[in-house]
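K.L.:
Modelling step: build the complete structure from the supplied sequences, incorporating the hints.
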Amino acid sequence: LRYLRPDARDREIAAMADAVGLDTLLSRLGSLDATVEPDRLSQGERQLVALGRAYLAAPPLLILDEATSRLDPAAETRAELAFATLPGALVVVAHRFSSARRADRTLVMDGPRTRCGTPAELLRSSALYRDLSGLWEPEEADAVTEQEVPEEARREERRPGEECAIRSTPPPWPV
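Using the working numbering, the first residue of the sequence shown is number -14, and each one after it goes up by one.
It is worth saying that the hints were derived from the structure and are not from the lab.
Everything numeric in this text was worked out from a predicted model, so none of it was measured.
It is possible that some hints are incorrect.
Said to hold, decoys possible - Here are the in silico distance ranges between beta carbons for each label pair:
(1) Ser27 - Arg(-13): 18 to 26 Å
(2) Asp116 - Glu(-3): 17 to 25 Å
(3) Ala19 - Asp116: 44 to 52 Å
(4) Glu22 - Asp116: 40 to 48 Å
(5) Phe82 - Pro(-9): 35 to 43 Å
(6) Thr103 - Asp50: 30 to 38 Å
(7) Asp116 - Thr62: 20 to 28 Å
(8) Asp89 - Ala35: 37 to 45 Å
(9) Ser54 - Asp8: 18 to 26 Å
Every residue gets a Cβ at the ideal spot worked out from N, C-alpha and C, and that includes glycine.
P.N.:
Below you can see the structure in the form of structure tokens.
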């Protein structure tokens, strides 16, 4: 657990374990100094160990790419909420829609089409986001109708230079 923070104190590790959800595993192992054989851990436990190391390091920018894919929904929520309390920027790449709902801002990508906004904004302005969320009809998304959504908000593609704009196709070569 001290891999990224060799100087971490036992109390910091205990606080991290409680925040991220590693406390049960640490209790089972018996102590912070217990020898752990990775092949004896489940995939979810391995993910929790990696998450614990990242949490303890508290980097200024943390990118979690499918970092909770092997956790059950409750453990995923606990870990993501723990990371949200850390200073710095957190980028979560996930296919579970629950992660998008917890985010301050969400980027939805479908080939060259991108939309960025809060979950509530995307429910109103992105048909793809509504589809992914299971809200197939616009009126199900906070009773929003086509007339209430401005034309430019209905467009799936963002204009260059707009906030959250992203290039989702490779640049021309050579770069």
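K.L.:
Look at each hint and say if it fits the structure.
P.N.:
Here's how the hints hold up against the structure:
no.	hint	in the structure
1	Ser27 - Arg(-13): 18 to 26 Å	22 Å, holds
2	Asp116 - Glu(-3): 17 to 25 Å	43 Å, violated
3	Ala19 - Asp116: 44 to 52 Å	46 Å, holds
4	Glu22 - Asp116: 40 to 48 Å	44 Å, holds
5	Phe82 - Pro(-9): 35 to 43 Å	37 Å, holds
6	Thr103 - Asp50: 30 to 38 Å	22 Å, violated
7	Asp116 - Thr62: 20 to 28 Å	23 Å, holds
8	Asp89 - Ala35: 37 to 45 Å	23 Å, violated
9	Ser54 - Asp8: 18 to 26 Å	21 Å, holds
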